[in-house]
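Enquirer: From these two lone chains plus the hints, build me the complex, please.
As you go down the protein sequences, you meet chains C and V in turn.
In case it helps, my numbering puts the first sequence at residues 1 to 241.
In case it helps, my numbering puts the second sequence at residues 1 to 183.
In case anyone wonders, no lab produced these hints; they're calculated from the structure.
Don't be surprised by glycine CBs; every beta carbon is placed ideally from N, CA and C.
Don't take every hint at face value.
To be verified - Looking from chain C toward chain V, a few residues come up when the C-beta cut is under 7 Å (computed):
1) V19
2) S109
3) K113
4) I114
5) R122
As a plain string of letters, each chain reads:
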Amino acid sequence: MIFEPPGRSLSGFTVELDVYSGPYEWLLALILKDELEIFEVPLRELVDLYLSSRDREVANSLERDTDFAGSAAALVLLKSSTLSPAVEPEADGVEDESLSPKELAERLSEYLKIRRGAEHLRERFAANAGQHPSAHTLPPRRGRLRIRPDRVSLAARRAFSRLLEPPTRHLGPITVTLQELANLISVALAGGPVSYEVLTRDMDRLNRAVAFAAALSLAQEGRLTLSQPEPLGPLTLAPSP
Amino acid sequence: MVSSRPTSTADLRSATGLTEKETGAALLELQERYSQQTSGIVLRNVAGGYLLSTNPACSAAVERFRQEARPAPLSGAAHEVLACALYLGPLTRSGISRVRGVNSDAVVRNLLERGLLVEVGTDRDAPGSPALLAVTDEFLAATGASSAEDFPALQELVAPEELARVRERLISSGEPPPATEAP
Numbered sequence: 001m002i003f004e005p006p007g008r009s010l011s012g013f014t015v016e017l018d019v020y021s022g023p024y025e026w027l028l029a030l031i032l033k034d035e036l037e038i039f040e041v042p043l044r045e046l047v048d049l050y051l052s053s054r055d056r057e058v059a060n061s062l063e064r065d066t067d068f069a070g071s072a073a074a075l076v077l078l079k080s081s082t083l084s085p086a087v088e089p090e091a092d093g094v095e096d097e098s099l100s101p102k103e104l105a106e107r108l109s110e111y112l113k114i115r116r117g118a119e120h121l122r123e124r125f126a127a128n129a130g131q132h133p134s135a136h137t138l139p140p141r142r143g144r145l146r147i148r149p150d151r152v153s154l155a156a157r158r159a160f161s162r163l164l165e166p167p168t169r170h171l172g173p174i175t176v177t178l179q180e181l182a183n184l185i186s187v188a189l190a191g192g193p194v195s196y197e198v199l200t201r202d203m204d205r206l207n208r209a210v211a212f213a214a215a216l217s218l219a220q221e222g223r224l225t226l227s228q229p230e231p232l233g234p235l236t237l238a239p240s241p
Numbered sequence: 001m002v003s004s005r006p007t008s009t010a011d012l013r014s015a016t017g018l019t020e021k022e023t024g025a026a027l028l029e030l031q032e033r034y035s036q037q038t039s040g041i042v043l044r045n046v047a048g049g050y051l052l053s054t055n056p057a058c059s060a061a062v063e064r065f066r067q068e069a070r071p072a073p074l075s076g077a078a079h080e081v082l083a084c085a086l087y088l089g090p091l092t093r094s095g096i097s098r099v100r101g102v103n104s105d106a107v108v109r110n111l112l113e114r115g116l117l118v119e120v121g122t123d124r125d126a127p128g129s130p131a132l133l134a135v136t137d138e139f140l141a142a143t144g145a146s147s148a149e150d151f152p153a154l155q156e157l158v159a160p161e162e163l164a165r166v167r168e169r170l171i172s173s174g175e176p177p178p179a180t181e182a183p
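Looking at chain V on its own, in the form it has when it is part of the complex (with noise of 0.2 Å):
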């Protein structure tokens, strides 16, 4: 209840003197206690660690009781900035519009000023040494991950005959259309 961030569960067991078998009981009993469906405060394991929340049914009341807005959704941009971050990252901001395709700098901007991208460190092999980005827990947090390991593979996003159905696309448009016999 004193930390507005996630506490691992090494944190729990130095503060508490719990063993961590003790820990993982007294933890999974709180989760049953703090449960979404039974109760206004839920406990939440995220961004390795656990966290107590408001239950989103509250969210208006709580967002009244603070007198503050809900921050704006993110663009469509914004989420595919961050998945490249989340599975291709830590890369740079070239990198990312090299994905993308087109220039995604002001969308990077927006979400570091918010928090869910950081500088992790910098690329030494690119020319300039450009920073490198990545994730942050704030992102896990808001949703709802432990880890990037909860995230599904990115493999398994898109089915293998998709795949396949849009390279036979594109190729065969390249080729060059077949001789015709002169008559």
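Next up, chain C with everything else stripped away, as it sits in the complex (with noise of 0.2 Å):
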């Protein structure tokens, strides 16, 4: 048996609409998120769609049952809300009285005028419906090119800028090379192991950098072993047997 978290029991819920196509979680969390519009979403095609895929003999049917109930009337309660007549108060902070019939059928007139005028908009839309531009987009013309200042700073910013070399000041006048450090401990080494602390007793701190990374390089080169028993302590170099 299979059970699933509290909460999702639509999650195999899968929806196929002219303005989606996909779970159903997922319709609902891009409708709270504003990315699709709940005046586009058919909600009776969606209740048809949950309908059609019941299925009576899954063991949490009633649970999906109520969780889509919940969730399409929150859908329904949504888009009433969002269809509802935008309240605009007057200027004096009275509310729109209620319209004299006279008025209200000069405005019912006007917007079957509007409604007549978007019959014929449809109509044209769809004849001209599938005619694709030949030539591709030229840049936009002078004057609608949007600049944000943001952006064209960032731009500028990036393009002159450099990337800031480390400060080098402290190091002092380098007079030393990785290879003398190498002969130096050749040279060491061939007395037997040394310590790195005997061998760089005499060192600047510079000096001691580079013998390390000289030391490193011919360990790497397979010339010397370096031997450290613990962690930060003493460390000995021995040639190779």
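Expert: This is the structure we're talking about:
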């Protein structure tokens, strides 16, 4: 038996609509995030889809039905509240008074004309659908280009900025090379193993660092072995057998 | 062939060096050659200019080639909002909502994103100076119109008799019932 986490009983329900195709849960998320207009979602079709995919034999069918009914009711509420008339308070704070039959008739006449205009537009859109311009899109016309100052300054900063070089003044003039220190180590190892501390006792900080790098390089080449029994303990260099 | 937007006759004259008469004659000849009945490429007179487009009969093949689906058809609410902007515009969002009787902000936002509506200014007389909305050249091209004058007048869309019936019905329903004498 597969147990679904609470509240996820509809996770397997997918929908196929003109405006969206995919999991129902994602559809809800898109609507709540305003990525999809609730106007465009045919709720009746959604309910029909659910009813057609409903399986009474599923163990949690009651839970699924309950969850769907709850979410569908929320969608109906959301759609109806979005469609409700926009209340525009009058200048003196009094809400729009009820219209007289004559005013109502005027408004309805105007809306009727707009409605017919909309039907005419629908026909024209349909008649002209599927015509694609033969050329590629040219750069925006002058005056229509939208420039975002923040993006321009960011692009300018990127174009004119260079990576800052790390400060090296504290290192002083470099007077030794890796090769010189490698030769020095090779000579010292001729007499047998030597500790790093003894080897670099008379060196300054820079020479010690280069000597360590040279020792690592020689060890990598197999010309010596490094041993350090414990972390941060004495480091011993020994010639490779 | 090099512009995806309608090109005005003035621009065509400027580019070709032809006179107005010669340009008009050439365009007429081209429109006959590139008509919807005979050619896969159609010369359309839309949005105040001329535009070469593919024939709608070839749309399925073109969309397969470009690997893009046709935009979802507009809803009834969207058509109404566009009709408001076309016939009554430029007007504000609240103006549109007032005509339709419902909040239209979401529909307007969608149409702005699709490039069919554009903000063309502000209503300085209204509180907060809300934006004024109007239809775009893309709208004219999508409806195959050369200009806003290509659409039938609003008055022609509804028969006067129908309007009169609506008025009469509403006004009569608002009148108080005739007083009856007590028995």
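Enquirer: Hints first: check each against the structure and report whether it holds.
Expert: So, going through the hints one by one against the coordinates:
1. V19: Where the cut-off is 7 Å and the nearest Cβ of chain V is about 6 Å from V19/C, the hint holds.
2. S109: holds (5 Å)
3. K113: Holds - the Cβ of K113/C comes within 7 Å of chain V, reaching about 5 Å at its closest.
4. I114: holds (5 Å)
5. R122: holds (5 Å)
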